[in-house]
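Those protein sequence lines, which keep their order, are chains L and H.
Read in order, the letters of the first sequence correspond to residues 19 to 495 in our numbering.
Read in order, the letters of the second sequence correspond to residues 19 to 495 in our numbering.
Think of the hints as simulated: they come from the structure by calculation, not from any bench.
Here the structure is a predicted model, which means the values were calculated and not measured.
Please note that a few of the clues may not be correct.
Because identical chains cannot be distinguished in the list, a pair is counted as satisfied if it fits within a single copy or across any two copies.
The list that follows gives simulated cross-link-like pairs (lysine-lysine, BS3-like), each with its CA atoms no further than 25 Å apart [to be verified]: (1) K268 x K291; (2) K291 x K123; (3) K71 x K179; (4) K373 x K307; (5) K268 x K359; (6) K279 x K179; (7) K307 x K41; (8) K291 x K367; (9) K307 x K367; (10) K466 x K385; (11) K268 x K466; (12) K210 x K307; (13) K182 x K466; (14) K68 x K199; (15) K199 x K268.
There are 2 protein chains.
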Amino acid sequence: MTTVHPILLAGGSGTRLWPLSRKSYPKQFASMLWDKTLFQQTALRLTSSKQLKFAPQIILTNSDFRFIVADQLQAVGVTVGPVLIEPEAKNTAPAILAASLLAQKNDPDAIVLAAPSDHLIPDTANFHEAITIGMDHVTNGKMVTFGISPTHPETGYGYLKLAKDNLDSAGSSSVTHFVEKPEYSQAKKMLKTGNYLWNAGIFLYKAADMIEAFERLLPNALKLTKDALENAANDLGFLRLDPEPWANLKDMSIDYAIMEKVDNLVAVPYRSKWSDLGGWDTVWSESEKDSSGNAKSNGAHPIECSNTLLRSESSSQEIVGLGLNNIIAIATPDAVLVMDKNRSQEVRKAVDYLKGYSIPQAEFSQKDHRPWGWFESLSLGDRFQVKRIYVKPGAALSLQSHRHRSEHWVVVNGTATVTVDGSIELVKEGQSVYVPLGAIHRMENSGKVPMVLIEVQIGSYLGEDDIVRYEDIYARK
Amino acid sequence: MTTVHPILLAGGSGTRLWPLSRKSYPKQFASMLWDKTLFQQTALRLTSSKQLKFAPQIILTNSDFRFIVADQLQAVGVTVGPVLIEPEAKNTAPAILAASLLAQKNDPDAIVLAAPSDHLIPDTANFHEAITIGMDHVTNGKMVTFGISPTHPETGYGYLKLAKDNLDSAGSSSVTHFVEKPEYSQAKKMLKTGNYLWNAGIFLYKAADMIEAFERLLPNALKLTKDALENAANDLGFLRLDPEPWANLKDMSIDYAIMEKVDNLVAVPYRSKWSDLGGWDTVWSESEKDSSGNAKSNGAHPIECSNTLLRSESSSQEIVGLGLNNIIAIATPDAVLVMDKNRSQEVRKAVDYLKGYSIPQAEFSQKDHRPWGWFESLSLGDRFQVKRIYVKPGAALSLQSHRHRSEHWVVVNGTATVTVDGSIELVKEGQSVYVPLGAIHRMENSGKVPMVLIEVQIGSYLGEDDIVRYEDIYARK
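Model the full assembly from the supplied sequences, consistent with the hints where possible.
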């Protein structure tokens with residue numbers, strides 16, 4: 019059994035699933051259809067298999083998401099290989115190259131599976147079967163892309179044109195070229211020919227072949243990426259690529275940079291259910307529906323509606339639809355989107371609009387994820403703010419002080435180790451502590467269970483930037 | 019100048035403007051289109067006039083709303099006459115009769131104007147002009163109803179059929195009968211004849227004439243109502259009608275009980291803008307709109323929409339509409355309604371549906387109004403709850419204890435006078451106090467400005483019914 023080295027791309031942040039997915043907490047980390055997030059599902063899918071052996075996964079993400087990645091993997095009990103931090107987003111080509119170089123360093127003959135972490139692939143057995151078929155092609159010197167048999171003239175996906183040379187009984191074929199997201203009429207034509215597959219953006223190849231392709235097609239990108247990897251810094255268990263060479267890399271998709279240009283590309287069909295969940299219309303398509311075509315979350319109530327998606331993303335918020343047809347309505351505590359389902363691909367307009375007015379909901383979630391856990395603002399008044407703060411076992415906030423506010427902390431779960439001006443005390447559930455204005459303080463959870471506290475801030479200025487940091491185990495300034 | 023005795027009906031609670039209007043905080047107390055609530059606008063409209071003299075208003079409401087009434091009147095500086103508490107809702111006839119009896123007691127020749135407190139009548143001068151015309155008819159032995167010239171075949175209103183006898187140059191006529199909310203085709207026909215007015219449900223009459231009409235048509239109702247008024251109890255400045263005779267009264271509208279049956283009814287037209295704001299479609303009609311027919315609140319963003327109403331009722335929640343046509347979407351922090359605008363008259367379905375599942379948002383607001391102020395739940399966790407509590411100057415919560423929770427209070431505005439197990443202390447902004455489980459405690463605001471505090475409750479049971487009351491200035495049990 020040959021080993022597959024999975025590479026998971028988890029650094030992207032789209033806008034099409036706003037307001038659930040935001041720049042600060044994108045789609046791959048959200049529970050779109052099931053309890054587990056898309057990222058967790060992807061990681062689990064590439065952990066064990068009857069017919070395949072998986073090496074520890076290489077994860078690519080960015081600095082903001084690194085602790086979300088670590089938390090979500092821990093929650094489902096998946097141990098991975100290195101987590102590479104991209105200093106800035108450069109699209110898929112540099113990321114895949116960096117991870118391929120790393121895989122090859124560990125195993126000169128490494129076969130790599132590079133996959134997005136935000137796709138829906140519920141049929142794991144069938145997916146592993148497709149990879150197994152792909153392995154044969156790779157050992158025969160090919161690079162493999164996985165294609166999905168189109169079920170309808172979708173305009174939201176790219177297509178792969180097949181050579182119709184049928185390399186095996188599974189229907190694998192050489193790829194003649196890539197087709198960008200088509201117009202509807204073109205999509206209809208392609209569907210009719212039976213000669214096209216949807217491009218799932220999942221690739222299987224020998225790391226050495228990919229590196230050779232870069233050497234030939236983009237030698238400068240290879241050099242810069244090698245530099246970024248060689249000078250990568252170990253940062254709290256993450257591997258941070260060197261920002262300097264990385265900054266000089268061009269933004270490139272792996273399709274455009276490499277896959278469309280190589281002549282040994284084979285498409286292996288994956289014949290079961292797949293979706294990129296690339297818009298709310300797709301989420302609607304993939305959701306369980308009632309007899310009128312309505313899909314809904316808990317707390318959502320379609321009354322005399324049809325073909326409508328209603329979601330409430332909070333247990334304290336109900337959403338009711340009355341007499342709607344073909345509408346999508348997504349309610350979060352701080353932002354609500356209501357749209358014509360046919361406009362699902364235009365959600366970016368809403369996000370850009372809000373950004374134009376500097377409305378934070380455009381990009382930021384109410385829950386703010388930090389290395390030590392997260393916080394959310396419960397109430398913001400004239401001279402006060404109430405926050406709920408969650409600190410992971412073993413985690414600690416920085417040693418800090420504020421110039422404009424005092425704070426009251428009430429522990430409601432677990433035990434906090436609190437430092438205030440040099441004195442340290444344990445604060446248990448039901449106890450409180452006061453941090454005067456200017457006091458140098460720190461909150462830690464040295465316990466074994468999560469610690470949750472309610473913080474009441476009082477002062478004339480309550481911005482996150484009123485902070486002086488003295489020490490931080492996460493090396494933040 | 020003869021004096022008009024205004025009677026304001028402020029006890030109703032409709033469902034058609036859910037989720038903004040709820041049973042616990044209905045439409046008349048909400049800011050629908052301007053800063054002032056409909057109730058406040060109504061009270062101000064009947065306070066002073068160039069051509070009319072108004073006696074102090076008699077307000078009719080129910081026990082739950084009495085402090086909201088008092089607060090809202092105080093906020094706009096209107097001093098009223100007695101506030102009558104209806105022990106239970108019996109529709110308009112008993113309420114109007116009770117208030118008319120009270121008006122006559124104060125002034126045997128009292129002329130009464132009975133009006134709902136949830137209508138939109140922006141043109142006060144014109145309204146006063148109509149009342150002045152009505153006064154002439156009343157002094158000539160008539161009872162007056164005000165009719166609105168229909169602008170379209172509205173199916174949401176009742177109509178008055180005119181005798182076309184034109185009693186004066188203002189277009190007043192005798193009323194031959196009342197027409198219930200019609201079908202569209204019937205409404206169209208009525209509009210065509212020019213012989214109908216909308217029934218605004220506002221009446222002007224001599225109190226003695228109304229009492230005489232009840233004597234003749236419903237003598238038993240008169241007797242019961244007289245009993246209820248004679249045995250009314252003074253309750254913290256409110257006049258609480260005796261519940262026993264009141265309970266035996268039938269539920270009756272004044273239209274049905276009296277106005278449709280008297281033969282001296284005259285309709286005086288009011289020719290300016292009027293609306294009962296009886297549904298979200300009407301709120302949309304009455305709102306300022308952009309060139310595509312969209313109306314919106316702060317925090318609401320229609321993008322490529324038409325004829326749509328988008329409202330966010332909270333400063334911390336944004337709502338975006340994308341590509342919508344003829345949709346109404348109303349977002350509150352705990353409930354969102356999205357509907358086809360043509361279904362505006364069916365919002366009750368949504369409310370009934372939620373009630374069927376015992377979902378509190380059907381009837382209760384997030385803000386819970388109490389005699390001493392209000393509170394709202396900011397966060398409800400497994401063993402804790404965070405509340406924001408607002409106490410009016412001079413107000414006090416009951417002396418109480420809890421069996422299942424301890425409480426931390428952090429004052430964020432004003433000063434609290436706090437009693438815990440017999441010891442009393444002043445707690446200033448930025449200070450906190452701890453109330454152990456079982457301690458007998460009270461929170462008061464003896465200051466001159468509102469007091470706001472954040473309460474963090476911790477315990478195994480956090481229901482409102484875990485309370486033992488020892489003393490209460492509002493005589494609650």
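Do the hints match the structure? See the list:
{"no.": "1", "hint": "K268 x K291", "verdict": "neither (34 Å within a copy, 63 Å between copies)"}
{"no.": "2", "hint": "K291 x K123", "verdict": "neither (35 Å within a copy, 79 Å between copies)"}
{"no.": "3", "hint": "K71 x K179", "verdict": "neither (31 Å within a copy, 85 Å between copies)"}
{"no.": "4", "hint": "K373 x K307", "verdict": "between (33 Å within a copy, 23 Å between copies)"}
{"no.": "5", "hint": "K268 x K359", "verdict": "neither (35 Å within a copy, 49 Å between copies)"}
{"no.": "6", "hint": "K279 x K179", "verdict": "within (14 Å within a copy, 82 Å between copies)"}
{"no.": "7", "hint": "K307 x K41", "verdict": "neither (29 Å within a copy, 32 Å between copies)"}
{"no.": "8", "hint": "K291 x K367", "verdict": "neither (29 Å within a copy, 38 Å between copies)"}
{"no.": "9", "hint": "K307 x K367", "verdict": "between (28 Å within a copy, 21 Å between copies)"}
{"no.": "10", "hint": "K466 x K385", "verdict": "within (23 Å within a copy, 37 Å between copies)"}
{"no.": "11", "hint": "K268 x K466", "verdict": "neither (45 Å within a copy, 64 Å between copies)"}
{"no.": "12", "hint": "K210 x K307", "verdict": "neither (28 Å within a copy, 47 Å between copies)"}
{"no.": "13", "hint": "K182 x K466", "verdict": "neither (59 Å within a copy, 85 Å between copies)"}
{"no.": "14", "hint": "K68 x K199", "verdict": "neither (35 Å within a copy, 70 Å between copies)"}
{"no.": "15", "hint": "K199 x K268", "verdict": "within (22 Å within a copy, 68 Å between copies)"}
Of the numbered hints stated above, those contradicted by the structure are hints 1, 2, 3, 5, 7, 8, 11, 12, 13, 14, listed in ascending order.
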